[in-house]
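Asker: Chains as they are written, first to last, in this note's numbering: chain D, 1 to 461; chain H, 1 to 298.
A hint or two may mislead.
[What the hints assert, rightly or not] Label pairs and their calculated CB-CB ranges: (1) H:Val230 with D:Gln77: 56 to 64 Å; (2) H:Arg34 with D:Leu360: 29 to 37 Å; (3) D:Leu355 with H:His85: 45 to 53 Å; (4) H:Gly87 with D:Leu355: 46 to 54 Å; (5) D:Gly348 with H:Arg56: 39 to 47 Å; (6) D:Thr279 with H:Val226: 45 to 53 Å.
In short, the hints are calculated from the structure, not lab data. Glycine included, each C-beta is placed from N, C-alpha and C at the ideal position.
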Amino acid sequence: MLGKNRCIYPGEKVLLAFSGGPTSSSMLRQVQEGLNREAAKKLRFKPGIIYIDEGAVCGRTLDEREKTCRQVEAILQASGFPYHLVFLEEVFDLPASVLNSLSHRPADQAHSYKEAVADFTRWRQQCEKKEGAATSLEDRLAECSLQGCAWKERLAVLDTSSFPASHTELSRLFGAVKSLTAKEELLQTLRTHLILHVARRNGYSKVMVGDSCTRVSVKLLTNLCLGRGAFLAMDTGFSDSRHGDILILRPMREYPAKEIIFYNYLFGVPTIFTPGLGTKASDRASIHLLIESFLCKLQSEFPSTVSTVYRTGEKLSAAPREVDSGVPTAPAQCLLCLCPLDTNVEDGSSLQSMLLSEQLCPRPPAENCCETGRTQAGCCGRPPVVGDSSQLLPLLCYGCRLTVKELVSVQGKVCATRRAPASADAKVCSCSQDWAQGKVARSLSHHTFTRRLSASDAGLR
Amino acid sequence: MNAIMGTIKEKGQDSTVLAHVLRLLNERHGYGLRLLLLSVDEGIAGYRDDSLAAVRRSRGRLGLPLHVVSYQELYGWSMDRIVRHTGSRNNCTFCGVFRRQALDRGAVLLGADKIATGHNADDVAETILMNFLRGDVGRLQRCAEILTGGEGALPRCKPLKHAYEKEIVLYAYFQGLDYFSTECVYAPNAYRGHVRALLKDLEAIRPSSVADLVHSGERLAVRKDVRLPVQGTCRRCGYFSSQPLCKACVLLEGLNRGLPKLAIGKTNRLQKALLEGEKPRADLETEENSRVGRTIDF
Ligand SMILES: [Zn+2]
Ligand SMILES: [Zn+2]
Ligand SMILES: [Zn+2]
Numbered sequence: 001m002l003g004k005n006r007c008i009y010p011g012e013k014v015l016l017a018f019s020g021g022p023t024s025s026s027m028l029r030q031v032q033e034g035l036n037r038e039a040a041k042k043l044r045f046k047p048g049i050i051y052i053d054e055g056a057v058c059g060r061t062l063d064e065r066e067k068t069c070r071q072v073e074a075i076l077q078a079s080g081f082p083y084h085l086v087f088l089e090e091v092f093d094l095p096a097s098v099l100n101s102l103s104h105r106p107a108d109q110a111h112s113y114k115e116a117v118a119d120f121t122r123w124r125q126q127c128e129k130k131e132g133a134a135t136s137l138e139d140r141l142a143e144c145s146l147q148g149c150a151w152k153e154r155l156a157v158l159d160t161s162s163f164p165a166s167h168t169e170l171s172r173l174f175g176a177v178k179s180l181t182a183k184e185e186l187l188q189t190l191r192t193h194l195i196l197h198v199a200r201r202n203g204y205s206k207v208m209v210g211d212s213c214t215r216v217s218v219k220l221l222t223n224l225c226l227g228r229g230a231f232l233a234m235d236t237g238f239s240d241s242r243h244g245d246i247l248i249l250r251p252m253r254e255y256p257a258k259e260i261i262f263y264n265y266l267f268g269v270p271t272i273f274t275p276g277l278g279t280k281a282s283d284r285a286s287i288h289l290l291i292e293s294f295l296c297k298l299q300s301e302f303p304s305t306v307s308t309v310y311r312t313g314e315k316l317s318a319a320p321r322e323v324d325s326g327v328p329t330a331p332a333q334c335l336l337c338l339c340p341l342d343t344n345v346e347d348g349s350s351l352q353s354m355l356l357s358e359q360l361c362p363r364p365p366a367e368n369c370c371e372t373g374r375t376q377a378g379c380c381g382r383p384p385v386v387g388d389s390s391q392l393l394p395l396l397c398y399g400c401r402l403t404v405k406e407l408v409s410v411q412g413k414v415c416a417t418r419r420a421p422a423s424a425d426a427k428v429c430s431c432s433q434d435w436a437q438g439k440v441a442r443s444l445s446h447h448t449f450t451r452r453l454s455a456s457d458a459g460l461r
Numbered sequence: 001m002n003a004i005m006g007t008i009k010e011k012g013q014d015s016t017v018l019a020h021v022l023r024l025l026n027e028r029h030g031y032g033l034r035l036l037l038l039s040v041d042e043g044i045a046g047y048r049d050d051s052l053a054a055v056r057r058s059r060g061r062l063g064l065p066l067h068v069v070s071y072q073e074l075y076g077w078s079m080d081r082i083v084r085h086t087g088s089r090n091n092c093t094f095c096g097v098f099r100r101q102a103l104d105r106g107a108v109l110l111g112a113d114k115i116a117t118g119h120n121a122d123d124v125a126e127t128i129l130m131n132f133l134r135g136d137v138g139r140l141q142r143c144a145e146i147l148t149g150g151e152g153a154l155p156r157c158k159p160l161k162h163a164y165e166k167e168i169v170l171y172a173y174f175q176g177l178d179y180f181s182t183e184c185v186y187a188p189n190a191y192r193g194h195v196r197a198l199l200k201d202l203e204a205i206r207p208s209s210v211a212d213l214v215h216s217g218e219r220l221a222v223r224k225d226v227r228l229p230v231q232g233t234c235r236r237c238g239y240f241s242s243q244p245l246c247k248a249c250v251l252l253e254g255l256n257r258g259l260p261k262l263a264i265g266k267t268n269r270l271q272k273a274l275l276e277g278e279k280p281r282a283d284l285e286t287e288e289n290s291r292v293g294r295t296i297d298f
C-alpha cells in the first residue's frame, strides 16, 4: 500500500499513531516488517510512535492508566522505534499555534517523485540547521517524550496539586458536554491536536493512522450523519493534507477489520484493550455507536455493505462541490478540524432554512434563569449565554458548530437546574452563568481559539 | 404561464399539505401558477381506493383539478396483477420504478411544465442514506438538491424539502386537512425499513440529524474523474435512462414475456438480449436465482 502510493520519501520521519487496538498494532508490525525487507521492497523512512492515554475522560483511575501505559511501553520498546507517550491532559499545555498550519513545503505538487525527493532532502537540511538553536524549554512535553521515559513522572504529576489545572480543566470540559456524540467529536479533535503538536515538535512530516476499511466505512456514515458531508474524503481518504505541513496517511484503510484480526492472530501481534469513551454505553448512546452497530447488523444480512460504503467514499472528492468563481480567496478553515468552511449560506440550502427557523423562534436561552430580567440583552443585564459562542461559531464548520453548540447549550440547562432550589437568589444564577460562559469556553479557547480570534479581530480593525 | 403539478404520492399527508401550501402561497403572493393535482392509481385493491377517496375529498376543499392516471393505462398492468404474476417478493422494485415514471408520464400527458413532489426533509435524509449505502453516487449528488433536472422530461422541485415529517403531520392536523396515510401494502423492502429505523434512532440521539444529513448531502462532492452514467433517453419510450432501455421498459418486457424475475437484478444482459431481439436464454434465469441473497435490489 505504501510502496504503491509513493508518498513517503527516503529518510523521512513518520509518526505512527498507536492505540493498542488491532489495526494500529498491525500497522506497527507491518512497518517493522517493511523496514527489514530485502532492498527492493524495503521501506526507507524513519518511524516513531505516539500513544495517547485518554484514561482521564474514560473514567479510569491513575493506577489503571499506569498499568496500561506500562503494557504499551513494553510493546513500543520492543519495536525499537523512538516513541512518545502522551496524556490527553497535556493538550492544555499546547501553544496556541497548534492549529496554524505551516506553509507548504514546495515539494508537494506536480513534481515527479524524484524531484520531490530532492526537494525534501533540501528542506530537511535547512531544518536541521535551525534545530540546533531552537531547542527551547517551553515544550517540556516534546522533550521528555523524545526519550519516551519520563511518562511516569508526568503521570504522577497529574495526580498531585502541582499540575492541577489540566486535569480539572479536561474533566470539566468533558463534563460540560451533554451527549456522548459531542464528547467523541471533542476527543477526536483534541487527539488530533496533540498528535500534530508532537509531530511538529519532533520533526515528523507524516502521521500514519490505523483506520481499517471497516473503521473507514463507519466513519463515512457517521460523519455523513454529523453534517460533515463536505469533508468525507478528507476525513477518511488515504492521504489528508488539510494540515499543510503534516500529512496524515491511512495506510490500513484497504484491509477489513476481520483480515487484520486474522493477521494479528497468525503473526502473534500483541494488542492492548483500553476502554474508550463509549465502551460501557449502549448502542444508542451516541451517533458513533449507533452507526457502528447499524453497519455491523446490516453487514451480517448483506455481506457487501461495508465494502459498498467504502467504495462510495472512494468516489468522493476532497475539493468542495463548486468553486464559486466570484470568490477568489481560499475559503477560511474551521478552527477545530481545519477543513475549509462549509457554512456559506446558499439559497434553498438546509443551513439557510435552519438559520431562518432559529431566527424565527430562537431557543429560549438563559434569559429564563431570572424570571424578572427578560431583557433583550440577556439575563441580569449581561450578554446572553450564547454571547461567547456566537463569536466562535462563525469560525467553525457546520459539524463542529454542532459540537460546540452543545458545549454551550448544556450550560443553559445546568443553569436552569441550579436555579430550581434557590430561584429567588439571582446572584447564584449569575454565578453559574459566569461559570458557564467563562470556564468552558475559556478552557477551550486557552489553547486553540485565542490566537485565531485575535487574528480575526485584527483583520476587522 | 407556469403550471405546477402537485402530485399525490404514497404518503398522503405530504402531498396534501404541499397542495394546500402551494395553493395558499400562489393566491397570497400572486405567483400566477396553474396548479394541477396528479394522482397515480397503482391498482392495488383496497389500498388506493381509500387514499383516492381522500384525494378526491381534498380536491373538493382545495378547489384544484385532479387527474388520476392508472398503471393499467400507463403500462397495461395493475400492481395487483403484477404481484399475482411475480409472487410478492420483488414487487417493490416494480412499484418504485413504475411510480417514478408514472408521475412524469402523467405530467407530460397533462401538459405540465414542472413537477412538485411532497418530499420532506426526512425523505431526503433517508434517500441520502440509501444512496450512500447502495453506492449510487450519481443520485447521491443529486438527491439533496431542491430543484433537479429530474429523472424524466420535466424538472422537479421539492418545496417541502426543509420541513420535517412531524411538522407536516402537525400542520395537516391543525389545518384539518384530510389525508390518508399508510405504508405500501406490499411491504416496503427490508433495506429501506432498516434505513428508516436508523433515521428515527438518529433523531432520538440528536434532533437535528435530519437537517444535518440534508446539509451533508448538499455539500458532498463527487470526484471529477468518477464516471457517472451518462443520461440518455430510452429507445422505446423516450424516458430518461442511462441504459438504452429504461428500467420500466425492461421490467415491462419481462412481465410481458412471462419472465418477470429476469428483469429484476441483472438488467444489463437482458437489455442486450432485448435489443438484439433474441430470446433470453434459459440459463439467465437460473443464474438469477442463484444470485438472490447476494445482491441487494432497490
Ligand atoms: Zn470543523
Ligand atoms: Zn411497494
Ligand atoms: Zn422506456
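Asker: Does each hint hold? Answer for all of them.
Answerer: Structure-based check of each hint:
no.: 1; hint: H:Val230 with D:Gln77: 56 to 64 Å; result: holds, 58 Å
no.: 2; hint: H:Arg34 with D:Leu360: 29 to 37 Å; result: holds, 30 Å
no.: 3; hint: D:Leu355 with H:His85: 45 to 53 Å; result: holds, 51 Å
no.: 4; hint: H:Gly87 with D:Leu355: 46 to 54 Å; result: holds, 50 Å
no.: 5; hint: D:Gly348 with H:Arg56: 39 to 47 Å; result: violated, 33 Å
no.: 6; hint: D:Thr279 with H:Val226: 45 to 53 Å; result: violated, 38 Å
Violated hints, in rising order: 5 and 6; the structure is consistent with all others.
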